[in-house]
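One line per chain: the protein sequences are A, B and C, in this order.
Residues in the first sequence are numbered consecutively from 61, following our numbering.
Residues in the second sequence are numbered consecutively from 189, following our numbering.
Residues in the third sequence are numbered consecutively from 83, following our numbering.
Worth flagging that the hints you see were computed from the coordinates, not collected in a lab.
Remember, predicted model here, so these are calculated numbers, not experimental data.
Here are the in silico distance ranges between beta carbons for each label pair: (1) A:Gly479 with B:Lys294: 51 to 59 Å; (2) B:Asp742 with A:Arg94: 40 to 48 Å; (3) A:Ala483 with B:Gly693: 49 to 57 Å; (4) B:Ser917 with C:Gly137: 23 to 31 Å; (5) B:Glu685 with A:Ala483: 44 to 52 Å; (6) B:Arg786 with A:Ala560: 30 to 38 Å; (7) A:Arg171 with B:Pro190: 57 to 65 Å; (8) B:Phe1066 with A:Gly168: 41 to 49 Å; (9) A:Gly168 with B:Glu735: 36 to 44 Å; (10) B:Leu770 with C:Glu148: 38 to 46 Å; (11) A:Arg94 with C:Glu148: 55 to 63 Å; (12) A:Phe106 with B:Val882: 50 to 58 Å.
We treat Cβ as the ideally placed atom computed from N, Cα and C, and that holds for glycine.
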Amino acid sequence: MNLALDLAPHLAIAPIVIPALAAPLALLVMRRRRRLGIAISFVSCFAMLAAALALMVQAGDGVIRTYELGGWEAPFGILLVTDRLAAIMLLLAAVLALLALLHAVVTGADRDGWHFHPLLQFQLLGLNGAFLTGDLFNLFVFFEVLLIASYGLMVHGQGSARLKAGVQYVVVNIIGSSLFLIALGLLYSLTGTLNMAQMGLRIAAIGPDDQWLLRVAALLLASVFALKAALVPLHLWLPRTYAVATPAVAALFAIMTKVGVYSLIRVVPQVLGDDAGSAAWAPAPYLLPAAILTAVVGFAGVFVARRLSEQAAYAIIGSTGTLLIAVAAWQVDTLGAALYYLVHSTLAGAALFLIADVVARRRASFSDTVSSGPAFCQRQSVGLLFLVAAIATVGLPPLSGFIGKLLIMESVAGTPGWGWAWAAILLTTLAGVIGFARAGSAIFWKEGPVSDGAEPVHVSRSDMAAPAIALLLVAALAAAAGPATAYGSAAAAQVLDAAATARAVLGEG
Amino acid sequence: MPISLTLFTLAGLPFVAALLIALCADRGRAIHSGIAALASAIGLALTLSLAGQVLAGEEVAVLAAWVPAIGLDFSLMMDPLGLMFAGLILGIGLLVMIFGHYYLAKGEATGRFFASLMLFQGSMLGIVLSGNVLLLLVFWELTSLSSFLLIGFWRDKPEARQGARMALAITGGGGLVLIAGMILLGVVAGSFDLMTILQSADVVQASPLYPVILGLILIGCFTKSAQFPFHFWLPHAMAAPTPVSAYLHSATMVKAGVFLLARLWPVLAGTELYTVVVSSVGLFTMLFGAWVALFRHDLKAILAYSTISQLGLLVMLLGFSLEAAAVAAVLHVLNHAAFKAALFMTAGIVDHEAGTRDIRLLGGLAKVMPVTALVGTLAALAMAGIPPLGGFISKEMMLYEALNVSLFGLPWLVPVVATIAATLSVGYSLRFAAYLFFGQPRDADAHARAHDPGAGMLAAPVVLVSLAVLLGLTPMLLAGTVVSSVAGAVTGAPAPELELSLWHGFNLALGMSALAILVGALLLWRHAALLRRYAAMRHADAKALFERAMRVADLAVRKAVVAVHRPSLQRMVFAVFAVVVLLVVEGTGSGGGLTGPRELLPAPPVAIVAWLLLVAATIAVLVEERQRFRALIYISVIGLVIALAFVHFSAPDLALTQISVEVVTILLLLLSLNLLPKLPRLLSSPTRRLRDGVLAALGGLGVGGAAWAMLTRNPNDPISSFHLDNSYSGGGGTNVVNVTLVDFRAFDTMGEIIVLGIAGIVIYALLDTTSRGAAGARLRSWQEDMPHSPESHPVMFVMSTRILLPLVLVAGIFIFLRGHNEPGGGFIAGLIVAIAFLLQYLASGFDWTDSRRRIGEHILIGFGVLIAVFTGLGSLLFGANFLSTAFDYFTLPLVGEFELATALLFDLGVFSVVLGAVMLALAQLSHIAKRAARAHAAHEAELRETEA
Amino acid sequence: MISLEFLVASAIGVLVAGGIYLSLRGRTFQVVLGLTLFSYAVNLFLFASGRLVVGRAPIWSKSVSEYADPLPQALVLTAIVITFGMTALAVILMLRSFLETGSDQVDGAPSDEPEDEAS
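With the hints as constraints, model all of the structure from the sequences given.
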């Protein structure tokens, strides 16, 4: 037998194997040799970044590659599908992980409880798996992996607020997972397969007598994804969960709602496309109104939030709404806009959470509340960070938020209900501007009375690194908007061409 | 230097300067202002270097692609209009930088100040140089942002913060509306390139969207240029340092709206709608601003309202859609920039030297600060439009044009109102000069304090006011060519022949302005009386209204947001189920019968009995929800029935798994219930229970119905036929389920055990801290309240479990090994062994077992996952894909013939993780109470020691 | 004649109803019981997607040709394990939060602990 190990063909599995090795290793060494554990965590994240970049370059040629696990051919085994969309999501996850990790280590948040690093790695394992798999049940499994890891991270550091919010987060998501299983059962009983591509093909052939079952299954599945994406009214779990989570964790969670959005983008065109009879684009009619509502609710929260972390949490909801406004049209250019905005809003949201922490660490009892306290150290620079993050989040020029919103507005123009979409986007932007202006001027401009003997806390600048990097990336995304949008719309075109994916996956003509 | 490079440098320079200043923020004031002034000067030089080509009508433009996807290019161009504004921005900018250097005290944050100023300069320059409307939007919003920073420069002043926020809300908001308008415009015109848009007037004005586009764009312009009813932010922006006001609020930012109107004239102007809306808004704003300005007392407030009025004048002129009016507008832009900046600086000097800006406390300053007085007076006269100053000519032209326009079919309306406004402006201008510099000093010490500032501070206003004068004396020489070619650029027609001079011979316009001057002087004379009248009237305070609106909105929205997002799990869960049920109901509408063709299996009596048992148990759980222990028993009954069902429906593996999981789950619940209240008060009201009941019933019907529909339909040739065929040949096992788990779908299983492992370590992390903090305190005070056998470790139980352990272990290994062919496998084996160990814990207590435990659970979990992953990776060595398996057959005593598959190794990982996770969960939990008791005892002991 | 299919379907319905009802109650323990019932139902449902087959366990042998669909069984097995992990974690979290706050209420009633400080 030939032991010459050629790893190139196995690139697709790397984003899953790397954290799958790093997590247990970190778990084993962590208790005695903390530094080594951290090192493992960092190495793993960088390795994932490299793998993601490699996949992004590879997918750039427009070829949809598949990786059959256990060598079992599709549709009988499980297989990974690497296309542009997967590459984008993988890269985003890796970048976000590095930011969260960096911040956690710098601020020592990873020491607030057991197993931060293993859980972080497991979380990434779940995310990457979800982005790569081409099998619906396997998607469920990876959902569970990333969820249960997120439960652990969510209550990391504990304290009553986190534990209470944790209970709600866990229960809601367990229900979501159960619904996912019901939908899966229906789809398997109807199509006899779990491979998404084949499922899409077989759904087209389902008889008239089964149409209602099909539509029910489709709507169930969509609502599960909507729950993950925190689409109004399925968003109620999010604000407290994110607002009380350890900031580094919350920053990482910025991608969690995007997993729901990703699943919609991945599954709806592939499985519930034009030929899906009663289930064709099943969620479409509900998506736009819900998305608009979500954007409004989210930025209403930003408008009135009383803590920066709360504000960041609502910003996540709002941006997801804006994002889904674009998704709802299911066209190449709208979806391309959505993908660009997805990357942007994830980074911006993460930056906000981190900055909220940077502020809280300097203001002693005032924490990150929107109130005027005594001046604190490095106020200028922190204020600048906040300003930039706010600009990015609400989508003012010159950062990627503005370009993203331009993209969305331009691309949805003319699609049904675009007037409402535009109104919502502009209105929510204004609400965001006012909300952030108020918060910023209260915290960074106004000098409150030096009360309750809160002596100034002295913190090193180092904790500004992670948010600063995040914002630099946002700026880079704006500067490189040309190529970025090009890749995004190419990815969108690829996703919407379900037939091509099916051919690539099932190898039929 | 090539044009492209010049333009890029021009656009980039201010931002570079801002960055530089920010970088050396802790250096001295001179460095900051120096960089700023130098950058402005270079910019001015570059602009002038292009002037020749621009005025000669050559194309001065450059384009670099940015986001082709939306037609947003980094495209810069300079035509006469852009040239003039660039000149203003940089020229006045230079003067403001110099003035600002002397104006700001040494101690102040000059770094931040000049950096923001340069940021603004760059944004403003960007607006006038943009050759792409989307790029223009970018810079447009940037001016709002930078002015926000500048108005709020004195952070500790509440009025500064409020003024800044208000300006941002209004101009930024207007900018958002403008974005909508511009995108529509671009979509209709088919391009976002400015030149293309300017040439597609016919398309745009024919489009049904034209009114919408016009409305949106006008809102953008009016908010920026402080037109009624969006004017109110400007007076409050006066909280900014005076140099800022001189720069932003006289010459540049507020002119952005006017600029955009002029810029888009070719494509938007000329229609009835345009003329009516724009001119009437301008007309009214002109009148309103002038009227209010007459009665202000704060110098800067007077100037702010006069600016509003003058902007109204410009807007009105552009609204006329007449070429000659455009000429007047262009000329007045120059005039106003010159005298208004000078006036602001004068006000700043007075404030600086006399320590107050209240016109009622000032007067007679001509004696103590003659130069300032001269400058201020000349500027004021220019503003009043008194010959022979520049202001006169443009106002004269305005009045002349006013005569040619009839609004709402009333030919007299515009001229009359314009004359009145002119009169008022004469009034406030004269008042400004007279009250400030002449007459008797009203406040002695302000007067005593005052004196002319140094030459440095005076330089800028002197230069400006001389311009204002020269624009009157030698208009053609100074501005002739510029004005005509700019007017040409505005209208898009060839540059008009024009002849600017003070004397046009006797005409109606001359009469009107003579009247205006006379009556204006009269106004000054009778001002006191007028002021009393004015004060007697009630005036809406726009700022108060705005602030109140904000507060109300904030409270209302806050209330709603909080109300919706109450931390109620019930609400969240209800929302989820409600949405799902609704969707399911909607889905059932789309075609197909409930029952399918599949032939059904008759139910044997035993099945019916089991069913009854299950239903009864479920109901029992519901009705006895307060009886928590009993509830657990019912639950386990349900689980048992389901396991039996699995057996009956040919799923032995499932049955085994179900049973063993059942046991562990129940144990877990028991142990945790041990620490929970046993008979809690019930919470929900009857109505809520009814509501939930209905929802639950619907959900049950839905899922049950779906299950029925599914069960009565025939399968759609499932892929599992492949698994059945290949299980033995390809997977090396006869138990297809197990082979599926460890081979066909081993990837799922890998995920599954990772989930379990994570659960284990999270549970550990959760429980490890239980003895601390609030929880610890609660545990210490917690009293065991469950029936216990008197002795802590009953001997029989202990002995039996210790004998049992090895047997169970053997059984576990056996089940593990046969798993690949018969029901069983790593998972079940893991559970069984775990249960065995658990019995040890329960029987012999934590310490005994713990001391005899060789490897910690974390190790088990860690290694389990590693084994699984490495098994998967192993196949890579053989060039096969991840998780590919290989197998061969061996014989072993007792177990008999069996095969060793790499899958078995994988299963070993499963075993290890399951064991570790379950042990972690249960052992930790079972130990909490004991640890708590121990902590309790320790606590007691401490107390006793402290007493002793 | 009552069919097995009917029994299974109705049992699933009953369990779902019970599960939903309990998961809407105000205390964590009831919610957990609800989730348990719900997950029973879901596992049964997923299993049912392979239809009901009696006495043909998917243990391969040369003699037999017809088997029960093994795939749903494998899926359910995975689902059971995952559900167990989730439930276990939920139970412990619920217990932990009770110990921390002294309240096992989840209805967000004002009697709740103060929300704000995240230690």
